[in-house]
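Each chain, letter by letter, is given below.
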Amino acid sequence: MQASELLNSYYVDSHTWDEMYKDASVRDQYKGVVEFLQQLSIGELNHKEELAKRLFMSQGITFTVYSSGEGIEKIFPFDIIPRIITPAEWHFIEQGIKQRLKALNLFLKDVYNEQFIIKDGIVPVEMIYSCPHYLREMYRFPVPHDIYVHIAGIDLIRNNDGSFYILEDNLRTPSGVSYMLENREITKRIFPDLLPKNAVRTVMEYPNILHRNLVSLSPRQIANPTIVLLTPGIYNSAYFEHTTLARLMGVELVEGRDLVVDNHRVYMKTTSGLQQVDVIYRRVDDEFLDPLVFNPSSMLGVGGIMSAYRKGNVAIVNALGNGVADDKAIYTYVPAMIRYYLNEEPILQNVPTYHLDNPEEKEYVFGNMHNMVVKKTNGSGGYGMLMGHTASEKEMAEYKSEILKDPRQYIAQPIISLSSAPCYMNGRLQPRRVDLRPYALSGPDGIQIVPGGLTRVALREGSLVVNSSQGGGSKDTWVLAG
Amino acid sequence: MLSRVADSLYWMSRYMERTDGILRVLKINYASSQDEMHAFSWKPVLRIFTYLEEEKAQAIANHSRAVLQHMVTDKENPNSVVNIVTHARENARSVQDHITKEVWQCLNDYYHTVRNEELAEWFDKEDPVSVLDILIKQCMLYYGTLDITMARGEGYCFLNIGKFLERAIQSADILDVKFSDLDYDPAKTDTMYWKYLLLSISGYELYLKTYQGGFEARNVVEEIVLNVNFPRSILYSINNVHRYFERLNTERKNSGFEKVDFMIGRIKSRVKYSTVDSILDQGLHTYLSSIREELQQVAVAINQHYFAYT
Chain L
1 MQASELLNSY
11 YVDSHTWDEM
21 YKDASVRDQY
31 KGVVEFLQQL
41 SIGELNHKEE
51 LAKRLFMSQG
61 ITFTVYSSGE
71 GIEKIFPFDI
81 IPRIITPAEW
91 HFIEQGIKQR
101 LKALNLFLKD
111 VYNEQFIIKD
121 GIVPVEMIYS
131 CPHYLREMYR
141 FPVPHDIYVH
151 IAGIDLIRNN
161 DGSFYILEDN
171 LRTPSGVSYM
181 LENREITKRI
191 FPDLLPKNAV
201 RTVMEYPNIL
211 HRNLVSLSPR
221 QIANPTIVLL
231 TPGIYNSAYF
241 EHTTLARLMG
251 VELVEGRDLV
261 VDNHRVYMKT
271 TSGLQQVDVI
281 YRRVDDEFLD
291 PLVFNPSSML
301 GVGGIMSAYR
311 KGNVAIVNAL
321 GNGVADDKAI
331 YTYVPAMIRY
341 YLNEEPILQN
351 VPTYHLDNPE
361 EKEYVFGNMH
371 NMVVKKTNGS
381 GGYGMLMGHT
391 ASEKEMAEYK
401 SEILKDPRQY
411 IAQPIISLSS
421 APCYMNGRLQ
431 PRRVDLRPYA
441 LSGPDGIQIV
451 PGGLTRVALR
461 EGSLVVNSSQ
471 GGGSKDTWVL
481 AG
Chain X
1 MLSRVADSLY
11 WMSRYMERTD
21 GILRVLKINY
31 ASSQDEMHAF
41 SWKPVLRIFT
51 YLEEEKAQAI
61 ANHSRAVLQH
71 MVTDKENPNS
81 VVNIVTHARE
91 NARSVQDHIT
101 KEVWQCLNDY
111 YHTVRNEELA
121 EWFDKEDPVS
131 VLDILIKQCM
141 LYYGTLDITM
151 ARGEGYCFLN
161 IGKFLERAIQ
171 SADILDVKFS
181 DLDYDPAKTD
191 TMYWKYLLLS
201 ISGYELYLKT
211 YQGGFEARNV
221 VEEIVLNVNF
231 PRSILYSINN
241 VHRYFERLNT
251 ERKNSGFEKV
261 DFMIGRIKSR
271 VKYSTVDSIL
281 DQGLHTYLSS
291 IREELQQVAV
301 AINQHYFAYT
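Quick mapping for you: the protein sequence lines, in order, are chains L and X. Counting from 1, position 423 in the first sequence corresponds to residue 423 in the working numbering; the numbering is continuous, with no gaps. Counting from 1, position 222 in the second sequence corresponds to residue 222 in the working numbering; the numbering is continuous, with no gaps.
Keep in mind that the hints were calculated from the coordinates and are not lab data. By construction, the Cβ of each residue, glycine as well, lies at the ideal position given by its N, Cα and C atoms. There may be inaccurate statements among the hints.
Stated by the list, open to error - Each computed DSSO-like pair below joins lysine-lysine, with the alpha-carbon atoms no more than 27 Å apart:
1) L:Lys74 - X:Lys137
2) L:Lys74 - X:Lys75
3) L:Lys53 - X:Lys137
4) L:Lys53 - L:Lys197
5) L:Lys269 - X:Lys259
6) L:Lys74 - L:Lys109
7) X:Lys75 - X:Lys43
8) L:Lys362 - L:Lys400
9) X:Lys101 - L:Lys53
10) L:Lys394 - L:Lys405
11) L:Lys188 - L:Lys48
12) L:Lys48 - L:Lys98
13) X:Lys27 - X:Lys43
14) L:Lys328 - L:Lys102
15) L:Lys48 - X:Lys101
16) X:Lys253 - X:Lys195
17) L:Lys188 - X:Lys101
18) L:Lys311 - L:Lys109
19) X:Lys75 - X:Lys56
20) X:Lys125 - X:Lys27
21) L:Lys376 - L:Lys362
22) L:Lys197 - L:Lys22
23) X:Lys101 - L:Lys269
24) L:Lys328 - L:Lys98
25) X:Lys209 - X:Lys195
26) X:Lys253 - L:Lys269
27) L:Lys311 - L:Lys362
28) X:Lys101 - L:Lys74
29) X:Lys137 - X:Lys75
30) L:Lys74 - L:Lys98
Said to hold, decoys possible - Facing chain X, according to a computed beta carbon distance under 7 Å, are these residues of chain L, among others:
31) Arg54
32) Ser58
33) Gln59
34) Ile234
35) Ala238
36) Thr243
37) Leu253
38) Thr270
39) Ser272
40) Gly304
Between the sequences and the hints, there should be enough to build the whole structure, so can you do that?
Have a look at this one:
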């Protein structure tokens with residue numbers, strides 16, 4: 001069977017926006033790739049898929065599953081067919097994310113200082129103080145350049161009319177950017193010449209921009225400030241990402257045990273004594289960062305780091321306490337924030353969201369649960385979610401009683417169908433649901449978004465859950481030059 | 001350089017050197033086991049490289065394939081090649097930003113190769129030498145990749161200190177055990193014994209060129225302990241430990257530098273100013289034990305002054 005036949009068997013659900021197909025014809029942005037695929041036989045495509053797997057394995061882009069006492073190396077599923085974004089779509093996304101981040105950053109500055117937004121009644125005060133990620137330790141602390149969100153990963157999805165919605169803001173320690181970079185490297189290997197032919201914009205600037213931003217945050221005005229990336233260590237599932245970023249930026253990768261605080265300064269322990277650290281890009285959650293201030297049993301953090309931070313002797317990226325802005329209950333107020341702080345209409349829309357601590361909204365959600373997805377406000381990774389269209393009556397009843405225990409911890413959203421994109425599976429192209437996470441970097445010079453991102457795929461047919469912990473995979477994401 | 005990173009590089013290097021040493025010894029001893037009329041005993045090898053109890057070692061000492069499986073693919077044996085390579089790779093994994101991508105991929109590939117389930121089967125059913133050759137080649141690939149891609153900085157020094165310390169200890173061990181097997185009485189054996197000993201540490205050809213004639217125990221001792229041109233001799237290895245350690249003597253040197261430097265210098269001089277006669281006079285075993293003891297003290301001191309980070 002030739003690959004052209006394999007394209008003909010592509011079946012698109014009429015209620016879903018498909019990234020490649022429209023009215024049974026290929027969208028312009030996909031024509032180059034489709035033409036290329038049509039020249040390949042199934043054998044060649046299988047070979048390319050095999051090569052991609054081997055490359056991931058050999059580079060150690062793996063995570064370890066522990067079973068029966070020994071570790072088995074697995075790779076995150078990668079689909080070889082790229083997801084393609086047009087210049088116009090990208091422009092829209094870019095503007096929307098910049099606007100949103102500007103407002104979210106202002107919000108963080110506000111809630112940790114004057115709290116105008118509370119006084120003016122835009123966001124209810126109990127929303128802030130009931131959020132477990134609001135840190136009193138950050139109150140009235142002037143962060144460098146007023147930047148809280150240095151690195152953001154904003155999750156976008158598309159409804160059946162093709163319009164983009166914000167699904168989630170990730171403002172704490174968003175992960176996955178190494179997959180944006182590595183997926184592109186794999187595409188270069190498996191599809192020679194295809195990227196330049198299609199005028200795909202590069203994503204390789206990401207580490208350079210991030211490094212420049214980190215340097216600019218150094219409290220000491222010296223030529224070569226010491227920048228470190230703080231990782232929880234080799235057993236963390238994102239460890240590969242930490243090493244990749246440290247390597248690409250040429251900064252030291254440290255663990256908590258490599259650092260020590262003396263006289264409100266942070267030092268790393270080197271073979272020639274202690275060396276002062278200026279900027280910490282931490283991939284350790286707030287809660288584990290300083291056992292003296294937060295979780296006392298944390299072995300991942302550094303005792304006293306919070307005092308060094310508050311003295312202004314070290315910069316920490318992202319700032320602490322950002323969780324109050326990407327909380328799923330606060331999420332509903334983001335459009336209002338944009339209007340309040342920027343006096344602009346939101347470019348990117350929120351998915352309609354119901355608060356379960358509001359009795360009327362709760363009634364509505366409980367009555368329409370089969371059309372809803374219910375999430376925990378501080379959950380991530382797709383854990384603890386209820387998808388109403390697939391849940392049984394029993395599961396729903398159990399979930400309802402959980403909600404009633406602490407309604408503030410839950411929100412509900414109507415199920416958005418998510419757009420589909422072609423995936424190469426079992427020798428055929430098949431549509432699978434995707435989302436998109438672009439990565440935005442804020443520095444003193446403003447917000448920059450590398451043209452690309454991580455496209456996550458729900459690999460099971462019909463599934464709407466793209467999280468890697470729930471069997472999701474990823475794709476290379478192309479933004480075409482205009 | 002972070003102390004933790006230096007520590008990991010040092011151990012990665014020691015583990016890889018050990019892997020290479022074990023594989024070469026296994027290959028030659030296997031060949032030897034096929035070449036003898038009476039049953040070949042693996043006991044000396046098992047004594048050098050494993051923690052097996054006397055009876056258990058005795059039980060497999062005459063079964064080449066069982067020994068190979070125990071020493072290469074047995075996950076229960078903490079010093080098997082599969083476990084050592086896993087340790088080396090774990091160390092490499094935690095310092096990926098300090099070794100080149102090529103070195104990391106090389107070790108990662110090695111790890112996947114040695115963990116391949118088929119390997120154990122091949123030992124059983126196919127020619128064991130082919131399997132060992134695959135693994136030895138991976139070691140050479142590792143050495144070559146290090147040499148070509150790694151920057152000659154502090155990390156490179158720690159890699160080499162680890163490598164040559166391990167090698168010096170290994171050569172002392174091999175020599176000691178092989179002689180103790182004869183109760184330190186060279187008259188007890190024939191030339192083949194020496195030939196295989198030298199082959200197992202790649203010193204056979206050099207021996208022939210240096211001494212031309214037949215095999216004599218004192219010449220074997222001289223080559224393995226004192227020959228500065230033999231890359232596996234004790235003196236050559238200690239010279240290199242010293243050479244790479246001296247390079248750490250920079251402006252921002254460690255406060256323990258002088259102390260460790262003294263220890264390395266002392267043992268280097270001791271070996272350098274030994275002769276075969278002086279070694280045999282005090283007894284080979286006594287001599288090698290004290291060398292090994294001092295090398296261990298150097299390792300402890302380096303650990304204390306350079307790697308202690310807790």
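Quick rundown of the hints versus the structure:
For the given pair, Lys74 (chain L) sits about 26 Å from Lys137 (chain X) by alpha-carbon distance, which is consistent with the 27 Å threshold. As the CA atoms of Lys74 (chain L) and Lys75 (chain X) are separated by approximately 20 Å, the hinted pair is consistent with the 27 Å bound. Between Lys53 (chain L) and Lys137 (chain X) the CA atoms are separated by roughly 24 Å; this keeps the pair inside 27 Å, and the hint holds. The hinted pair formed by Lys53 (chain L) and Lys197 (chain L) meets the criterion: a straight-line CA distance of about 24 Å does not exceed 27 Å.
A C-alpha spacing of about 20 Å is found between Lys269 (chain L) and Lys259 (chain X), which places the hinted pair at or below 27 Å, so the restraint holds. Straight-line distance between C-alpha atoms of Lys74 (chain L) and Lys109 (chain L) comes to about 41 Å, which puts the hinted pair past the 27 Å bound. Annotation: proposed proximity of Lys75 (chain X) to Lys43 (chain X) holds, straight-line Cα distance about 20 Å (limit 27 Å). For the hint linking Lys362 (chain L) to Lys400 (chain L), the alpha-carbon distance of about 10 Å falls within 27 Å, and the restraint holds.
As the CA atoms of Lys101 (chain X) and Lys53 (chain L) are separated by approximately 18 Å, the hinted pair is consistent with the 27 Å bound. Taking the CA atoms of Lys394 (chain L) and Lys405 (chain L), the gap is about 17 Å. The hint holds against a cut of 27 Å. The hinted pair formed by Lys188 (chain L) and Lys48 (chain L) meets the criterion: a straight-line CA distance of about 11 Å does not exceed 27 Å. Pair hint Lys48 (chain L) plus Lys98 (chain L) does not hold up; C-alpha atoms about 37 Å apart against a cutoff of 27 Å.
Taken as a hint, the Lys27 (chain X) and Lys43 (chain X) pair is honoured in the structure, with Cα atoms around 15 Å apart against an allowance of 27 Å. Between Lys328 (chain L) and Lys102 (chain L), the direct Cα distance comes to roughly 18 Å. Compliance with the 27 Å bound is thereby established for this hinted pair. Proposed proximity of Lys48 (chain L) and Lys101 (chain X) is supported: the alpha carbons are some 23 Å apart, at most 27 Å. For the proposed pair Lys253 (chain X) and Lys195 (chain X), the alpha carbon gap of about 45 Å is over 27 Å, so the pair is violated.
Between the alpha carbons of Lys188 (chain L) and Lys101 (chain X) the distance comes to roughly 17 Å, so the proposed pair stays at or under 27 Å and holds. At most 27 Å may separate the alpha-carbon atoms for a hinted pair to count; Lys311 (chain L) and Lys109 (chain L) meet this at roughly 18 Å. Taking the CA atoms of Lys75 (chain X) and Lys56 (chain X), the gap is near 17 Å; set against the 27 Å cutoff, the hint holds. Taken as a hint, the Lys125 (chain X) and Lys27 (chain X) pair is honoured in the structure, with Cα atoms around 16 Å apart against an allowance of 27 Å.
As the CA atoms of Lys376 (chain L) and Lys362 (chain L) are separated by approximately 14 Å, the hinted pair is consistent with the 27 Å bound. Annotation: proposed proximity of Lys197 (chain L) to Lys22 (chain L) holds, straight-line Cα distance about 23 Å (limit 27 Å). A threshold of 27 Å between alpha carbons decides the hint, and for Lys101 (chain X) with Lys269 (chain L) the separation of about 25 Å falls inside it, so the pair holds. About 20 Å separates the Cα atoms of Lys328 (chain L) and Lys98 (chain L), which keeps this hinted pair within 27 Å; it holds.
Between Lys209 (chain X) and Lys195 (chain X) the CA atoms are separated by roughly 13 Å; this keeps the pair inside 27 Å, and the hint holds. The straight-line distance between the Cα atoms of Lys253 (chain X) and Lys269 (chain L) is roughly 13 Å, inside the 27 Å bound, and the hint therefore holds. Taking the CA atoms of Lys311 (chain L) and Lys362 (chain L), the gap is about 45 Å. The hint is violated against a cut of 27 Å. Proposed proximity of Lys101 (chain X) and Lys74 (chain L) is supported: the alpha carbons are some 20 Å apart, at most 27 Å.
Taking the CA atoms of Lys137 (chain X) and Lys75 (chain X), the gap is near 22 Å; set against the 27 Å cutoff, the hint holds. About 36 Å separates the Cα atoms of Lys74 (chain L) and Lys98 (chain L), which puts this hinted pair outside 27 Å; it is violated. Interface restraint check for Arg54 (chain L): the shortest CB-CB distance to chain X comes to about 10 Å, outside 7 Å, so the restraint is violated. Interface restraint check for Ser58 (chain L): the shortest CB-CB distance to chain X comes to about 6 Å, inside 7 Å, so the restraint holds.
A cut of 7 Å between beta carbons decides the hint on Gln59 (chain L): the least distance to chain X is about 6 Å, and the hint holds. The beta carbon of Ile234 (chain L) comes within 5 Å of a beta carbon in chain X, closer than 7 Å, and the hint placing it at the interface holds. With 7 Å as the threshold, the beta carbon of Ala238 (chain L) stays out of range of chain X, its nearest partner Cβ sitting at about 13 Å, so the hint is violated. Contact between Thr243 (chain L) and chain X, as hinted, is supported at the beta carbon level, the nearest pair being about 4 Å apart and thus within 7 Å.
Checking Leu253 (chain L) against chain X by beta carbon gives a least distance of about 5 Å; that is within 7 Å, so the hint holds. For Thr270 (chain L), the suggested interface contact is upheld, since its CB lies about 6 Å from the closest CB of chain X, less than 7 Å. Residue-level restraint check for Ser272 (chain L) holds (minimum Cβ-Cβ distance to chain X is 4 Å; threshold 7 Å). The beta carbon of Gly304 (chain L) is not positioned within 7 Å of any beta carbon in chain X (closest approach about 16 Å), and the interface hint is therefore violated.
In this structure, the earlier hints numbered 6, 12, 16, 27, 30, 31, 35, 40 are contradicted, and the remaining ones agree with it.
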